[in-house]
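**Student:** So the sequence lines, in the order shown, correspond to chains A and B. Per the working numbering, the first sequence starts with residue 1, numbered consecutively. Per the working numbering, the second sequence starts with residue 1, numbered consecutively.
Read the hints as simulated data drawn from the structure, not as lab findings. Treat the hints with caution; some may be incorrect.
[Claimed, not checked] Just so you have them, the derived chain A footprint on chain B, three or more residues with Cβ under 8 angstroms:
| no. | stretch |
| --- | --- |
| 1 | 19-30 |
| 2 | 118-129 |
| 3 | 164-178 |
Everything numeric in this text was worked out from a predicted model, so none of it was measured. Ideal Cβ placement from N, Cα and C applies to all residues, glycine included.
Protein chains: 2
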Amino acid sequence: MPDDLVLASGSATRRRLLESAGVTFRVQPSGVDEEEVKRSLRARGADALDVAETLAEIKALQVGSSQPHALVIGADQMLDCQGVWFDKPSSTKAVADHLRRLMGRSHRLATAAVICSDGRRIWHHRAEAWLSMRSLSEAFVKDYVERFGEEVCGSIGAYRLEEIGAQLFSAVEGDHFVIQGLPLLPLLGFLRERGVLMR
Amino acid sequence: MPDDLVLASGSATRRRLLESAGVTFRVQPSGVDEEEVKRSLRARGADALDVAETLAEIKALQVGSSQPHALVIGADQMLDCQGVWFDKPSSTKAVADHLRRLMGRSHRLATAAVICSDGRRIWHHRAEAWLSMRSLSEAFVKDYVERFGEEVCGSIGAYRLEEIGAQLFSAVEGDHFVIQGLPLLPLLGFLRERGVLMR
Numbered sequence: 001m002p003d004d005l006v007l008a009s010g011s012a013t014r015r016r017l018l019e020s021a022g023v024t025f026r027v028q029p030s031g032v033d034e035e036e037v038k039r040s041l042r043a044r045g046a047d048a049l050d051v052a053e054t055l056a057e058i059k060a061l062q063v064g065s066s067q068p069h070a071l072v073i074g075a076d077q078m079l080d081c082q083g084v085w086f087d088k089p090s091s092t093k094a095v096a097d098h099l100r101r102l103m104g105r106s107h108r109l110a111t112a113a114v115i116c117s118d119g120r121r122i123w124h125h126r127a128e129a130w131l132s133m134r135s136l137s138e139a140f141v142k143d144y145v146e147r148f149g150e151e152v153c154g155s156i157g158a159y160r161l162e163e164i165g166a167q168l169f170s171a172v173e174g175d176h177f178v179i180q181g182l183p184l185l186p187l188l189g190f191l192r193e194r195g196v197l198m199r
Numbered sequence: 001m002p003d004d005l006v007l008a009s010g011s012a013t014r015r016r017l018l019e020s021a022g023v024t025f026r027v028q029p030s031g032v033d034e035e036e037v038k039r040s041l042r043a044r045g046a047d048a049l050d051v052a053e054t055l056a057e058i059k060a061l062q063v064g065s066s067q068p069h070a071l072v073i074g075a076d077q078m079l080d081c082q083g084v085w086f087d088k089p090s091s092t093k094a095v096a097d098h099l100r101r102l103m104g105r106s107h108r109l110a111t112a113a114v115i116c117s118d119g120r121r122i123w124h125h126r127a128e129a130w131l132s133m134r135s136l137s138e139a140f141v142k143d144y145v146e147r148f149g150e151e152v153c154g155s156i157g158a159y160r161l162e163e164i165g166a167q168l169f170s171a172v173e174g175d176h177f178v179i180q181g182l183p184l185l186p187l188l189g190f191l192r193e194r195g196v197l198m199r
């Protein structure tokens with residue numbers, strides 16, 4: 001019997017990435033209080049990548065607790081710009097703030113995924129990508145917020161690179177799946193080893 | 001008056017990339033005989049990246065010849081696997097052949113874009129990406145061809161990385177836009193310099 005695969009994330013992007021790659025799974029977002037975990041780890045001097053990995057694991061374990069035999073995928077992504085961690089913008093005003101603070105600088109997207117089963121972690125992967133945002137004119141920021149502000153509120157950096165976000169960057173270094181929030185290729189590799197996907 | 005921007009390519013992917021990035025343009029595919037150019041350059045020992053750049057320029061110049069004042073974007077992509085150049089598969093049988101020849105190996109996607117105006121090249125960019133295809137079982141190849149064979153005939157490597165193609169690879173190195181056939185970030189940079197896009 002094939003493993004029951006669960007994505008412990010409410011992210012539409014992660015869902016689309018897995019669906020597009022031809023994976024069959026259920027979605028069950030976790031109820032983890034991410035802010036509390038971030039604050040606590042930050043106080044202990046953790047790196048953004050450690051936080052992403054810890055959050056991915058906590059989410060997978062929480063969702064897995066009610067369905068011990070399922071394979072549960074947890075994932076998380078942190079945005080670190082010169083030591084400052086960014087959250088998803090909560091409003092179009094916050095979108096403008098994000099852009100003004102990120103522009104003219106490079107930031108790092110730290111992405112992790114963890115798979116849990118039977119109450120323990122059985123696989124994990126962590127990866128980074130670097131993005132250099134160009135200087136943006138005030139007119140550009142205003143136009144961007146007006147036209148795309150609502151739809152990018154769900155994205156940690158207030159952009160979607162595969163859409164209008166491409167206009168924000170002078171350089172991007174890293175795996176596109178990692179940028180979108182899921183280390184897809186290693187994850188698919190594990191699912192093949194496990195027999196969930198055809199080799 | 002803003003420049004009239006023309007994409008000299010029939011590629012649905014290139015069109016989608018530019019549209020998604022918020023660029024306004026017209027599409028006018030060229031009628032260049034690409035095979036003839038490839039054969040001729042191959043005979044002279046050209047590298048795949050030189051061929052991509054030459055083809056991008058020929059396409060842009062040809063389409064631009066009837067509209068000298070437009071900015072015309074030409075683009076091309078070559079797939080080079082250990083010295084063998086691959087063409088788009090012409091049938092679902094060719095899709096299976098492609099996969100059997102690419103699997104277990106790394107191949108290179110060589111991508112170039114050129115912008116011409118008034119009968120001369122005014123900008124160009126070339127870039128490479130490397131993709132490592134895992135070993136595929138015969139059952140996987142058969143299933144892939146049955147389910148996706150028709151739709152990947154338009155793709156040079158018989159895959160779309162952003163869809164089921166993700167299942168083919170163990171590792172991918174390079175810009176996702178370059179993999180999809182257009183060095184989008186440098187191209188957008190030029191369009192900003194030129195005043196076609198807002199800074």
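**Student:** Each hint should be assessed against the structure and marked as holding or not.
**Tutor:** Hints versus structure:
1. 19-30: holds (count 3)
2. 118-129: Since three or more residues must qualify, the claim that chain A covers the stretch 118-129 of chain B is violated, with 0 doing so at under 8 angstroms.
3. 164-178: holds (count 10)
In this structure, only the earlier hint numbered 2 is contradicted, and the remaining ones agree with it.
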